[in-house]
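Visitor: Here is how the chains run, residue by residue.
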Amino acid sequence: MDKKTVITSGTLLVALLLCCAVAWAGSQPLQTTQWLADHMSDQNLVVIDVRTETNYGVGHIPGAVNLPYAKWEPMDDEMHCQLMPPADDIGAMLRERGVSGSSQVVIYDHGNTISDASKGAAVVWILSTLGHTKISYLNGGFTKWTFEGRIIDNKKPTPVPGDFSAQTDSAKVTDLNGLLSLVKAGKVLLVDARNSNQHFGSDKRADVAAFGHIPGSLNLPAPFLTNAGINRAPATIKEKKELLAIVDGVGISNDKDQKIIVYCNTAQYAGLDYFVLHDLLGYQNVSVYDGSMLDYGVHEELPLASYGWGHVRH
Amino acid sequence: MNIKKILQGSLLGAGLLFFCLAQSCLAATGSLVSVEWLAKNLHHNNMVVLDVSTFTHYEKGHIPGAVKAFGPWQTMNENFIGFMMPPVADLETMLCGYGVNNDSQIVLYDEGVTAEDTAKSARALWSLHALGHTRVAILDGGFAAWEFEEQAVSQKAATPLKGNFTASIQTDKVVDLAQVKKKLGTVVLVDSRLPEEHFGHEKKSHIKRAGHLPGSMLWPAAYMTNAGIELSPSYFKDREILAKMAMGVGIPTDKQSEIIVYSNHGLSAALEYFTLHDLLGYSNVRIFDGSVLEAAAAADIPMEVDGWGYKKL
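Residue numbers (numbering that gives the first Met the number 0), protein chains in the order written: chain A, 0 to 313; chain B, 0 to 312.
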């Protein structure tokens with residue numbers, strides 16, 4: 000091996016390592032606005048804005064494509080609840096927007112309120128359920144981006160169609176029957192991502208048929224997981240250390256292999272609980288009950304617990 | 000036994016019975032009275048109706064004969080540690096000014112729109128309990144219920160005769176920070192604030208630290224009434240529901256359990272006191288009067304954040 004070869008292979012090795020580092024960094028579930036600004040021109044980057052078409056039209060992160068949250072969780076008229084569309088349908092929408100299996104996808108939402116942040120997080124959950132493996136969530140979303148004075152535009156990109164083939168991973172999404180059989184077998188921890196008043200059963204959404212929570216659920220309200228509204232902060236996800244304390248504080252043990260199903264009213268807040276538990280804290284077996292209380296509540300024969308906290312055992 | 004004695008006996012018996020009946024109209028009230036009951040008993044001799052809403056609310060209309068009783072039921076403590084019960088002598092003077100006698104049957108009412116309104120009546124009731132006056136009740140649903148049921152409303156301010164009330168302090172109604180610190184872990188602590196405040200996700204800006212006292216149970220005062228549900232006045236929920244909630248938040252069923260309730264300022268804690276003590280029959284309930292305002296400012300008491308307070312100490 001001569002000197003030239005050594006240098007060449009050395010350079011190659013360094014380049015390879017750098018690539019790995021970049022790829023690894025790109026696959027971080029939670030990304031900063033700074034990271035995105037630094038990687039805007041990466042070849043395989045696809046930035047998806049999940050805000051409404053109107054918001055997107057007014058201004059968005061340069062190069063981002065638009066796929067509003069409502070397309071990811073449309074109302075299923077027959078089922079009376081919001082469900083992710085068939086994999087083929089959503090897969091086609093994603094390919095149209097340039098998503099390939101190898102794309103580094105970045106999801107961002109409006110980033111102002113918990114309602115915004117949970118939409119982006121739920122989209123991360125859906126995309127990962129469809130089998131994509133390189134997804135990042137932009138922490139603080141569009142609000143943080145603009146707070147920092149970063150550039151926006153209103154140009155609609157014309158992406159080259161991608162090759163992403165969507166296939167639903169049944170381990171990450173649960174329907175009512177799946178939930179009931181796991182509950183019956185006593186093999187699952189249920190986590191309610193709604194606000195506490197709804198969990199307690201003192202309040203409910205008008206379109207949810209009944210008060211209370213699925214018996215035995217612990218309450219991990221999605222609004223507790225971001226800094227939204229605290230000193231006018233954008234809806235950034237809280238620090239990992241605090242998330243660990245919160246998850247422990249609501250009664251979820253640190254057994255990372257336990258089977259967990261999260262739910263809320265529509266699966267939107269549940270998406271944020273999922274993202275925090277699965278992507279940020281490393282719980283391996285988390286799934287979302289997609290129909291959530293909109294579905295569960297209409298089944299009068301199913302038990303509901305109200306006027307109490309799920310963590311108080313009798 | 001001769002006839003005279005029998006006659007005497009029956010007379011005495013009849014007298015006693017009559018006395019009891021006369022008393023029972025008022026005595027058998029309990030601590031929560033309905034609009035219907037108050038309308039019927041409004042003109043009873045011993046009746047003192049106290050309006051604890053606000054000056055403007057009272058001016059617009061009040062229950063006929065009701066006295067302006069806006070307090071202050073709570074004042075900033077002389078050491079600036081919390082909004083607390085004012086000095087006893089001040090309260091006595093205030094209550095005599097409202098026409099309160101030692102044997103008065105007092106009925107308290109508030110705006111009756113929100114649970115916070117109801118908490119004002121509850122705070123006044125607790126203050127009277129602490130001063131040794133036990134013949135006191137809250138009008139269920141307050142003024143909103145009174146109006147809702149189309150009872151007569153007056154705009155004429157009542158001018159009560161000076162009452163003769165003298166306090167007999169009940170030391171088992173209130174605890175201070177030192178006692179709370181000593182009892183941590185052995186007493187049932189109930190936090191009546193919002194879940195967000197209890198969890199430590201949010202706090203009022205003047206409260207020094209977020210979170211709750213270690214081991215507290217959470218029972219938001221706002222859950223205790225039907226205020227706002229389908230435009231309802233702030234009626235208390237049924238006792239069965241309240242009892243179910245007490246269990247559902249983790250309060251022991253033993254009615255002798257030692258319980259300390261607190262909130263941010265001791266106002267919504269009073270609603271908790273009323274529910275536990277008067278509606279559910281817990282006999283040993285006290286308010287931590289300094290509440291979180293005082294505790295969060297004290298350096299030597301832990302505050303738990305990022306969790307529900309269910310963990311045993």
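Hints are supplied without guarantee of correctness; some may be wrong.
[Claimed, not checked] Cut-off 16 Å, straight-line C-alpha distance, at most; resulting in silico cross-link-like pairs (EDC-like, lysine to aspartate or glutamate):
1) Lys155(A) <-> Glu52(A)
2) Lys207(B) <-> Asp299(B)
3) Lys237(A) <-> Asp299(B)
4) Lys203(A) <-> Asp171(B)
5) Lys310(B) <-> Glu52(A)
6) Lys236(B) <-> Asp247(A)
7) Lys70(A) <-> Asp41(A)
8) Lys70(A) <-> Glu52(A)
9) Lys133(A) <-> Glu52(A)
10) Lys258(A) <-> Glu241(A)
11) Lys237(A) <-> Asp247(A)
12) Lys182(B) <-> Asp171(B)
Since the hints were made in silico from the structure, they are not lab data.
Visitor: Honestly, which of those hints from before does the structure not fit?
Guide: Structure breaks hints 3, 4, 5, 6, 7, 9 and 10.
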